[in-house]
Amino acid sequence: MDLFNFLIVGSGPSGMAVARILEKRGTCLVDAGDLPQAQFPYASLTEAAASGDFSALMGEHWEALANIRDPHAVHTKMKSQALRFIASGEPVEVYGDSETILLKVAGSYAAGGMSNTWGAQLVRYTDADLDKAGDWPLEVSALSPYYADLEEHIGIAGAVDDMYDFLGEVHGLLSPPPLVPCAQYLLARYESAKKTALESMLLGRPRLGLLTTKYKGYEPYKFCETEFFTSGQSGIYTAKRTLDDLRQKNNMVFYERHKLLSYTENEDHVAATVLDCKRNEKITIKAHHLLLGCGTLHTARLVLLNRGETGRTLPFIDHPPTLVPIFFPRMFGSILPSRSFPVQLAATLKESPTRELISLYYPGAVLWSDLLPETPLPVSSALRLFKNMFGGMLVAQIWETSTPQKANVLELDDSGALRIRYPDYNKYTNLKKLLKIFRRLGGWSLQRFASMPMPGRGFHYAGSLPMKDAPEPYQTHTDGRLWDSRRVYIIDAAALPSLPAKNHSLTMMANAARIADRILQCECSY
Amino acid sequence: MKIDGSLPGAPDELRKEAVFLYKAAFNKSIPDTLLERYLRAHADLTKQLEGAPFELQIVKTIIEKNLDPVGIEPWLRKKGRQHHLLTRKLLLLSFLNECGGNPAGISRSPDRFALPCMALTVCAAALALLRGRIQAARYGLV
Ligand SMILES: Cc1cc2nc3c(=O)[nH]c(=O)nc-3n(C[C@H](O)[C@H](O)[C@H](O)COP(=O)(O)OP(=O)(O)OC[C@H]3O[C@@H](n4cnc5c(N)ncnc54)[C@H](O)[C@@H]3O)c2cc1C
Numbered sequence: 001m002d003l004f005n006f007l008i009v010g011s012g013p014s015g016m017a018v019a020r021i022l023e024k025r026g027t028c029l030v031d032a033g034d035l036p037q038a039q040f041p042y043a044s045l046t047e048a049a050a051s052g053d054f055s056a057l058m059g060e061h062w063e064a065l066a067n068i069r070d071p072h073a074v075h076t077k078m079k080s081q082a083l084r085f086i087a088s089g090e091p092v093e094v095y096g097d098s099e100t101i102l103l104k105v106a107g108s109y110a111a112g113g114m115s116n117t118w119g120a121q122l123v124r125y126t127d128a129d130l131d132k133a134g135d136w137p138l139e140v141s142a143l144s145p146y147y148a149d150l151e152e153h154i155g156i157a158g159a160v161d162d163m164y165d166f167l168g169e170v171h172g173l174l175s176p177p178p179l180v181p182c183a184q185y186l187l188a189r190y191e192s193a194k195k196t197a198l199e200s201m202l203l204g205r206p207r208l209g210l211l212t213t214k215y216k217g218y219e220p221y222k223f224c225e226t227e228f229f230t231s232g233q234s235g236i237y238t239a240k241r242t243l244d245d246l247r248q249k250n251n252m253v254f255y256e257r258h259k260l261l262s263y264t265e266n267e268d269h270v271a272a273t274v275l276d277c278k279r280n281e282k283i284t285i286k287a288h289h290l291l292l293g294c295g296t297l298h299t300a301r302l303v304l305l306n307r308g309e310t311g312r313t314l315p316f317i318d319h320p321p322t323l324v325p326i327f328f329p330r331m332f333g334s335i336l337p338s339r340s341f342p343v344q345l346a347a348t349l350k351e352s353p354t355r356e357l358i359s360l361y362y363p364g365a366v367l368w369s370d371l372l373p374e375t376p377l378p379v380s381s382a383l384r385l386f387k388n389m390f391g392g393m394l395v396a397q398i399w400e401t402s403t404p405q406k407a408n409v410l411e412l413d414d415s416g417a418l419r420i421r422y423p424d425y426n427k428y429t430n431l432k433k434l435l436k437i438f439r440r441l442g443g444w445s446l447q448r449f450a451s452m453p454m455p456g457r458g459f460h461y462a463g464s465l466p467m468k469d470a471p472e473p474y475q476t477h478t479d480g481r482l483w484d485s486r487r488v489y490i491i492d493a494a495a496l497p498s499l500p501a502k503n504h505s506l507t508m509m510a511n512a513a514r515i516a517d518r519i520l521q522c523e524c525s526y
Numbered sequence: 001m002k003i004d005g006s007l008p009g010a011p012d013e014l015r016k017e018a019v020f021l022y023k024a025a026f027n028k029s030i031p032d033t034l035l036e037r038y039l040r041a042h043a044d045l046t047k048q049l050e051g052a053p054f055e056l057q058i059v060k061t062i063i064e065k066n067l068d069p070v071g072i073e074p075w076l077r078k079k080g081r082q083h084h085l086l087t088r089k090l091l092l093l094s095f096l097n098e099c100g101g102n103p104a105g106i107s108r109s110p111d112r113f114a115l116p117c118m119a120l121t122v123c124a125a126a127l128a129l130l131r132g133r134i135q136a137a138r139y140g141l142v
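As they're listed, the protein sequences go chains W and S.
Here the working numbering is used: position 241 in the first sequence is 241, and no number is missing along the way.
Here the working numbering is used: position 115 in the second sequence is 115, and no number is missing along the way.
Bear in mind the hints are in silico, worked out from the structure with no lab data behind them.
Possibly wrong hints are sitting among the right ones.
[As the list claims (entries may be wrong)] DEER-style ranges, computed between Cβ atoms:
1) W:199 to S:33: 54 to 64 angstroms
2) S:33 to W:307: 50 to 60 angstroms
3) W:199 to S:131: 41 to 51 angstroms
4) S:32 to W:37: 23 to 33 angstroms
5) S:65 to W:50: 32 to 42 angstroms
6) S:43 to W:50: 22 to 32 angstroms
7) S:44 to W:51: 17 to 27 angstroms
Don't be surprised by glycine CBs; every beta carbon is placed ideally from N, CA and C.
Please work from the sequences and hints to get the whole structure.
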């Protein structure tokens, strides 16, 4: 049996961030992930809607109706038939402060992981973000070169505007995606208000892993509004793109549809027991270093299972955002573009100690029927209203800092299944202020229109095996190693000690790359 | 495809319900294919579309007394809970309508006079809600 130098587990964003660095180094990648089981046969949502192809939109097994009874059964972005494969991993029950299950979620067993469905908002943390979130044993300067390398690899769209510093310095930004009329209006209102006396908000273009032009041979995104129906569109960066590139280059060994079950570590190497999911056979793979990038849920479960730790609780952080629709009466009746990208603008409150990131979405790309339960009107009136209203509506998605709370934990039950308890989460406190600012910019809303998805639906899972300078049990060293290990590294967001008020995946990837680079440097100095 | 295909054995009551609810929601007669899909969905998604006895009674009363299901439905919504059976049935019709091509009541072309149209829609919605509330109270539905 071969002894590899590195065994990477997981082909999600964290796994791919290290695989880029460790290719050609005696590396093996094991991934349990599946590929889509269905195709969405249309180039755009408009085309699909016009075709009258019922099964393409509904799904062969009524997938579009997944939430018809329980409004939270499946996240709208993972409801369609061609996206079901993404969250097919270990089931997890999420509890609030009672014994009633709030929600059922699952980790990802997909080639490319959860990035197959992400919004591709790839932003940097700044030192101010880390200070606010607290508990970080690193400064941003430790991540900077890896941010830059990843951004260059991915191709980031954005603009040098008022949000530039807040979202972090990036060289060679691609042009931002086109704006829908309502977002154009808001930006124009902001620019003119800024000249007079708007002192409390910064507004600009978002940072997206989205190719608005041909980049390094990759085709640009076609703004086809199919994000809720399929994955792998050209131009939206996902870890699957890197996976496909690495496979083509053939510089490492791939075990696809292989699931890591357990591992043992000795002085010389780690021996991993891996299940070949196609043949249902177990094999052993040995390597000097094991890098776990299975996504926070799966990684925490593996580490606990590996030590037989049922009943032990680990911290767990999610990041449920606040969502609030903003209406721009002047823009009601604007023509709805048939091609757009959901994330239109990014904002933050100036000098706010909370440093929240506010992403403004255009309600394109979804089935209107999905929005009916959120609209407190009779069904027929709501549909009639939508056609005039959507052209003048944006949805603000507000991320706040999320820190570990004593009561918010993850644990294994006796059967080896994960449970999350998440009773402790707060409402967004700056909403009144934010709505007041939008009013000055021609946008109206009410605090009671705001909603917050349940914990588990933020999908920014983190913090279960946090990095510390002097780690205690179930924490990790700053070089990624588990507290008592020489060879097992945590490369995904389980190692992030707290979450600043921004999408975290780019930082998780930069940290994973930093860990891989550090292992290489240490190897050289042996 | 699996979803399509006629269901000759479907109960008349369900057909009657589909015709009634569709007319109330879209002010049109239900197309045959949509009706067949409505019946098929009830056959395939038994768990999702089964209602508690009191919910079934509400749907039955609305149809028997020729009440306004669309005006009553918002009063049956409860935040964070499972959708009421009436909500599920109206949502089902809406999804079937939207996914079937050339949907009734859904258009991406805004009206020329959008604001007045929206104001009229909101007034109509308020009236429907009021009527729904009165009917719901009168027949003990909420
Ligand atoms: C709807 C949605 C939108 C999002 N939008 C954004 C966004 O805009 N910006 C952002 O920063 N983040 C976003 N995220 C979050 C982002 O997708 C995740 O943070 C990211 O994918 C996590 O990467 P990961 O590599 O840690 O794990 P995952 O993406 O979960 O990948 C885990 C990988 O490990 C493999 N695996 C798991 N267990 C095993 C095992 N035992 N053996 C072998 N392989 C295994 C899986 O097959 C998979 O390939 C979004 C998520 C969702 C669901």
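Against the structure, the hints:
no., hint, in the structure
1, W:199 to S:33: 54 to 64 angstroms, "57 angstroms, holds"
2, S:33 to W:307: 50 to 60 angstroms, "57 angstroms, holds"
3, W:199 to S:131: 41 to 51 angstroms, "48 angstroms, holds"
4, S:32 to W:37: 23 to 33 angstroms, "31 angstroms, holds"
5, S:65 to W:50: 32 to 42 angstroms, "39 angstroms, holds"
6, S:43 to W:50: 22 to 32 angstroms, "29 angstroms, holds"
7, S:44 to W:51: 17 to 27 angstroms, "23 angstroms, holds"
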